[in-house]
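Participant: Each chain is listed here by its residues.
Number of protein chains: 2
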Amino acid sequence: MSDVNVRVPGFLANGISVGIKGDGKKDLALINSVVPARAVGVFTTNRFKAAPVILDMERIKRGLAQAIVVNSGNANASTGEPGYDDAVAMSRAVADGLAISEELVLVASTGIIGERLPVDKIIAGTNELIQGLTVDGLPRAEESIMTTDKFPKVAWEKCLIGGREISVCGIAKGAGMIEPNMATMLSFIMTDALIDQRYLNRVFRQSVDKSFHAITVDGCMSTNDTVIMLANGIAGNALLKERSPGAVLFRKTLDRVMINLAREIVRDGEGATKVIHIIVDEARSRKEAQKIAYCIANSSLVKTAFYGGDPNWGRIIAAVGSAGIPVSPDSVRLFLDDIPLFHNGTGVREGREKLSDIMQNNSIQVLVKLGMGRQSFELFASDLTHEYVTVNAHYHT
Amino acid sequence: MSDVNVRVPGFLANGISVGIKGDGKKDLALINSVVPARAVGVFTTNRFKAAPVILDMERIKRGLAQAIVVNSGNANASTGEPGYDDAVAMSRAVADGLAISEELVLVASTGIIGERLPVDKIIAGTNELIQGLTVDGLPRAEESIMTTDKFPKVAWEKCLIGGREISVCGIAKGAGMIEPNMATMLSFIMTDALIDQRYLNRVFRQSVDKSFHAITVDGCMSTNDTVIMLANGIAGNALLKERSPGAVLFRKTLDRVMINLAREIVRDGEGATKVIHIIVDEARSRKEAQKIAYCIANSSLVKTAFYGGDPNWGRIIAAVGSAGIPVSPDSVRLFLDDIPLFHNGTGVREGREKLSDIMQNNSIQVLVKLGMGRQSFELFASDLTHEYVTVNAHYHT
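Residue numbers (this note's numbering), protein chains in the order written: chain A, 241 to 637; chain B, 241 to 637.
Calculated from the structure, these hints are not laboratory results. Hints may be right or wrong, so weigh each one.
[Said to hold, decoys possible] Computed footprint of chain B on chain A, listed as stretches where at least three residues anywhere in the stretch have a Cβ under 8 Å from a Cβ of chain B:
#	region
1	393-400
2	454-462
3	540-552
4	626-633
Cβ coordinates follow ideal geometry from the N, Cα and C atoms, glycine included.
Same shape as in the complex, but just chain A:
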């Protein structure tokens, strides 16, 4: 994959500055499919959903969308009915400019919470935004949705299904704090595959579970988290369904794109210096494995130990034991990369000298074998650093 030439047939994109961020940086993005596309989405389960999330959840029920307009610099969250009206107005301006139905336009916002969206600036910029739409505009769109992200997150894969080349591409912004507020995750995935709606919905949700639902930076859930996928069918392949030839290949391609984006979000987590790859194996159920993995990943003691390069396995064991799952200390085994750290209820002494070296790596694997069953869960997490505290403490309203 090459970032220079990221494109998906039938999708146009653009990103411009309309002055929401106030520092002249790009802050308004548009993704536009040349035809109405099948649309699926996953949204934050936070009870305080931002206005654009509420709007999208209504509109995406129809399963069709043709455009996604996204602003950064203002989350349009905790803004009540006026905020909802602003989200509608933002979608209407884009629908009018593209001469499509308002119902086909989805909206996303990220940035400061509790402030009215400067929707006039957005409406005033819509014409320029639409006129600048190009087939190679995705990097500009990505740039426009970034906040404190240190690098852009674009993933692009192709596969050959029934002799047709299919593209899958995604952009994402991560848990970057926006002065002075929320950590928000946004991602937009595009494909030109012709795909059955029910099957699309299924593979999309499966991929989300393996990617965006398997990462954590600080365990906090935003009011704006949104992942939307559009499939415009332009590739002209035979309709992809549950048992189509190529269905497995498509699913794997989609997984790669979404897992790639999710891991980039962790790598670019606020203040992060390390990516911790946590695998909980031999669980009775995937859900129990997940619960333990998140207990490890969100333990401040574990996260600071990784930051400090301290191979402090006692904290990992304590996190495993605090998850509320009836694990047995005698059957749990713990490994850091390949080094066994804990078995038979006690620490392993051999090989400890290698640990300090491993802890210096910027990507480390924690493997916990529970000895209870056959299910597993994998999770990517960042460490907890001085920089995290600085970024999140020292922005003032």
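Given the structure of chain A, go ahead and fit chain B onto it with the hints provided.
Facilitator: For chain B alone, coordinates are given in the frame of chain A:
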């Protein structure tokens, strides 16, 4: 209350150094009742319970104890069967020295995890420990159980029940990290009240729920957390029971001692600069209120905002919404001290200028009214600071 003269009739205590910590600081404590006392305890629910916790949970079932021996510097956790044998040996040395049954001796440990307890040092020091027992020895005992605690935590109250003076006294050590390992909470409560075992068990558990179960430093659960209460009946009062005159007074006195200790633990939390008093009110159940309170208290974004003095109510609202309770954004109200911050689904603009001042205080109240019911939960939490990261990242094995 005066720290100089802390004592409870019929209780002796001492604390000495036997070289576990290695820096010459006191590391072995003993509390001894002159007669067998009614004993109740609450222990960590972590699945990886330390050896002394496993031992105490067995012994305390009988409801009687006469001594508690505690070491700091080594947690005797993740030490397997040899660790359990060490805990037994530690109790036996004390039982032999005091000429009481081994079954009447409880044990607690705090410190490094996964290392064998230097039980020989403890046994060798037992004679000196016992010979130094005095009625005013509790401050020495407290000093011996401290690890990275910055100040001792002793609480002492008296009340008059049926013409008899009753003392209730407690000592505690907080969530201080011990090179290089666990944050552990230990507390030992003594009273000379004569009290019915069932009633003691009930008021003790109620007090724990209001105190040690209503605080959080970093949301991590140790393998060693222990709260034990001994009641030796020396005061000679009429047996305190469920509906005794004086039962309410006794309960309130006990609450004061335990809540006092718990709050001191938060104030002395690792790197803490602020105590955040979180009240979730108008919940459908106490359990739901508790869940939301902990979501706020353990949100890294909320904790860093308090550290930075940033009145960032959006983070609190997002934490409330992420608790998995079906709160309605329209009915939730949020206050910082007396200042309303959020109502009717949006932020409140009036009074915001006072917020920066409030955020400079080292004790701040967060009040969330859910508008769903009549139950509430209160919780004390510390902030998340650079110092927390330093303390926990920069100890190396």
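Participant: How does the region 393-400 of chain A fare against chain B when you require at least three residues with a CB closer than 8 Å, holds or violated?
Facilitator: violated (count 0)
Participant: Tell me whether the statement that chain B covers the region 454-462 of chain A is true, taking a Cβ distance below 8 Å and needing three residues at minimum.
Facilitator: holds (count 5)
Participant: How about the region 626-633 of chain A: do at least three of its residues have a C-beta closer than 8 Å to a C-beta of chain B?
Facilitator: Since three or more residues must qualify, the claim that chain B covers the region 626-633 of chain A holds, with 6 doing so at under 8 Å.
Participant: Counting residues of the region 540-552 of chain A whose CB is closer than 8 Å to a CB in chain B, do you get three or more?
Facilitator: holds (count 10)
Figure legend: structure checked against the earlier numbered hints; the only hint not met is number 1.
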